[in-house]
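Peer 1: Residue-level listing of the chains:
Protein chains: 2
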Amino acid sequence: MPDDIIKLAHGGGGLQMQRLIEQELLPACDATYGRGGEDAAVLPGAAQIVLTTDTFVVRPAVFPGGDLGKLAVCGTVNDVAMRGARPVYLTLGLVVEEGTEIALLRRVMRSVRDTCKEAGVALVAGDFKVVERGSGDGIYANTTGVGFPLLPEPTSIHRAQPGDAILLNGPLGQHGLAVLAARGELELMMTVESDCAPLAGLVATMVEAGGAGVHALHDPTRGGMAAGLNEIAAASGVGMELEEGAFPRDVGVEGGCEVLGLDPLQVANEGKVMAMVAPEVTEQVLAAMKAHNYGADSALLGHVVKGPAGRVAMRTMLGTRRIVDMPSGELLPRIC
Amino acid sequence: MPDDIIKLAHGGGGLQMQRLIEQELLPACDATYGRGGEDAAVLPGAAQIVLTTDTFVVRPAVFPGGDLGKLAVCGTVNDVAMRGARPVYLTLGLVVEEGTEIALLRRVMRSVRDTCKEAGVALVAGDFKVVERGSGDGIYANTTGVGFPLLPEPTSIHRAQPGDAILLNGPLGQHGLAVLAARGELELMMTVESDCAPLAGLVATMVEAGGAGVHALHDPTRGGMAAGLNEIAAASGVGMELEEGAFPRDVGVEGGCEVLGLDPLQVANEGKVMAMVAPEVTEQVLAAMKAHNYGADSALLGHVVKGPAGRVAMRTMLGTRRIVDMPSGELLPRIC
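Protein sequences appear in the order of chains A and B.
Using this note's numbering, you'd call the opening residue of the first sequence number 872 and step up by one each time.
Using this note's numbering, you'd call the opening residue of the second sequence number 872 and step up by one each time.
Some hints here could point you the wrong way.
Since the list can't tell identical chains apart, any single copy or any two copies may satisfy a pair.
[What the hints assert, rightly or not] Taking lysine to aspartate or glutamate and the EDC-like style, the derived pairs with C-alpha atoms no more than 20 Å apart in a straight line are: (1) Lys1177 / Glu1129; (2) Lys1161 / Glu893; (3) Lys878 / Glu893; (4) Lys988 / Glu895; (5) Lys878 / Glu895; (6) Lys878 / Glu969; (7) Lys1177 / Glu1114; (8) Lys988 / Asp901; (9) Lys1161 / Glu1079; (10) Lys1161 / Glu1151; (11) Lys878 / Asp1008; (12) Lys1177 / Glu1079; (13) Lys878 / Glu1003; (14) Lys1177 / Glu1112.
Keep in mind that the hints were calculated from the coordinates and are not lab data.
Extracted from the complex, chain A is given alone in its bound form (with noise of 0.2 Å):
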């Protein structure tokens, strides 16, 4: 029976994905730190950790931007680093079919030993499998990092404050239109290439910049924008209030957008980090942004608002209003 099979689409980062995750797999996490929705846990110990994991399985390995490793990578230390911490030690597990060509297995573990360099986090831990010919597609790669708070209250996807400026490092949608490219499904007028960067440094200097005053940071990957925000929206029990004229715009990727259908708001980034921060610092934390190697094209899109809660509004280009609703329907399947 087609309701009790898993389908792509439960694999989208949209609202089916939601469903099963809470229906199914929220019920064997721990109450207190496994169930908050966050990009990674924050956990007591002698010193808090932190930690996060995610699987890999983009489809092609390597796409113009980026590869299977440098993702693996920079998924997770992104992650890692939307709490407002420092990643410092990463595991590896990799899944291989039979018949994988080596060649492309040294490719990724050189963007992964390269990444991890950029990244200032060190492999420490991984594992290796092979599976028959067809029981997989190439390489999966996990990734679980470990990181150190940088700030007493970590950064949380439920500490959004009414008031606070929504802002953005980039421009949205680069990656997911970049993997598309790569399977040939589109032809682009333009070269789209991944966005795909580790954020450590860039989180790092918005923290230096902005202290206990940067309350929420999110990666808009799967799912994409339109997600992360209802995200933070539902765990904070706020509305937002977004200016589109205020995005950073690509148009290559607004093209290849239209082109196909999509809603560059829904498509996948893994460069991108969305923050809500106190008034009273936005400019220092924007001007940080703005000077750093990842952060150049950084926005003010908007503000936290009293609510109503849950409801992400946005002021399109024509001045209509329009709201942005959690995906539902079928998003790309093994974007990352």
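Using the hints, position chain B against chain A.
Peer 2: Only chain B this time, still in chain A's reference frame:
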């Protein structure tokens, strides 16, 4: 060219895997913490943490004595415990094939929850990916574990010393045989159940009993006891002398291995720990093991000797002497 592609044997836990890991994977690992061949890394921070990762691709996902969920928790909990540490936090990354029954996912997650509870670990972070039909095989699960050391100097496969007793908590080969039987590749005369079990509690009692006299712990998973002993002997630069007659026995496993031409010493276990302990604490540690639920059949198998370094020798029940080699050929694929 066949030498340039991944083969099933690359994942078997024997020499071919060891070489591939050394050549392709270790260069990306941290030179200080990521290259020791340990079950888990011991890492500095405000407090020492123990970190390990493992992906589980066992086929079939349900087998006598356990399932993928139980196995995924046990495998990682045990690797943390092997450093003389208490496992505390766990992450879970799932890759699910389109078309997989949600009932299987539910069963696996129930086992994850129950086994976490038994092991005393909290599942605190997760990730969920879906791949197309034919790009996976049911469910693959990565678990990563974090723990805290119980001893000032962590146990290590580099710390076995001449004179140490070699202890083992029960008969070998049950997990591998149970999985083979579940595949229908083997009609067993008697049921063999996987030994799959979380060893955090057993290890804690061993460490309590033996203190700093517990030098090395290692769990004989892929490649079995043969690989495990050779890994310790090589890492510590010592030899080993074992008595075949001292090994705990399981007649079901022995019968199955004879039919299949397998050496029980090379078959995977998922609830076994071998320990190298100082002579002055051997009696106490062995008594603690025997008093534990998962150690009733514990035995003293032999001793660590000065050399030749890396050589594992065994006096057989016939009185002859054989070398226990590192497994090299085709081992059993997808056993864990």
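Peer 1: A separate judgement is required for each hint: does it hold in the structure or not?
Peer 2: Hints and how they fare:
When the C-alpha separation of lysine 1177 and glutamate 1129 is checked against a cutoff of 20 Å, the pair qualifies neither within a copy, at 33 Å, nor between copies, at 72 Å. Taking the shortest alpha-carbon separations for lysine 1161 and glutamate 893, neither the intra-copy value of 37 Å nor the inter-copy value of 42 Å comes in at or below 20 Å. Taking CA atoms no more than 20 Å apart as the test, lysine 878 paired with glutamate 893 passes inside one copy only; the shortest distance there is 16 Å, against 38 Å between copies. Taking identical chains as interchangeable, the C-alpha atoms of lysine 988 and glutamate 895 lie at most 20 Å apart only when they sit on different chains, with a minimum of 17 Å there against 37 Å within one chain.
For the identical chains of this complex, lysine 878 and glutamate 895 are intra-copy neighbours only, at 14 Å inside a copy versus 34 Å across copies, given an alpha-carbon limit of 20 Å. Taking identical chains as interchangeable, the C-alpha atoms of lysine 878 and glutamate 969 lie at most 20 Å apart only when they sit on different chains, with a minimum of 5 Å there against 25 Å within one chain. For the identical chains of this complex, lysine 1177 and glutamate 1114 are intra-copy neighbours only, at 17 Å inside a copy versus 74 Å across copies, given an alpha-carbon limit of 20 Å. When the C-alpha separation of lysine 988 and aspartate 901 is checked against a cutoff of 20 Å, the pair qualifies only between copies, where the shortest distance is 10 Å, while the shortest distance within a copy is 33 Å.
Only within a single protomer do lysine 1161 and glutamate 1079 lie at most 20 Å apart by alpha-carbon distance; the minimum there is 14 Å, versus 55 Å between protomers. For a Cα distance limit of 20 Å, the shortest separation of lysine 1161 from glutamate 1151 inside one copy, 18 Å, qualifies, whereas the shortest one across copies, 64 Å, does not. Both within a single protomer and between protomers do lysine 878 and aspartate 1008 lie at most 20 Å apart by alpha-carbon distance, with minima of 17 Å and 14 Å respectively. In the homo-oligomer, the alpha carbons of lysine 1177 and glutamate 1079 never lie at most 20 Å apart, since the shortest distance is 27 Å inside one protomer and 55 Å across protomers.
Proximity of lysine 878 to glutamate 1003 under the C-alpha cut-off of 20 Å is restricted to the inter-copy arrangement: shortest distance 8 Å between copies versus 22 Å within a copy. In this homomeric assembly, lysine 1177 and glutamate 1112 come within 20 Å of each other (Cα to Cα) only inside a single copy, at 10 Å, whereas the closest approach across copies is 72 Å.
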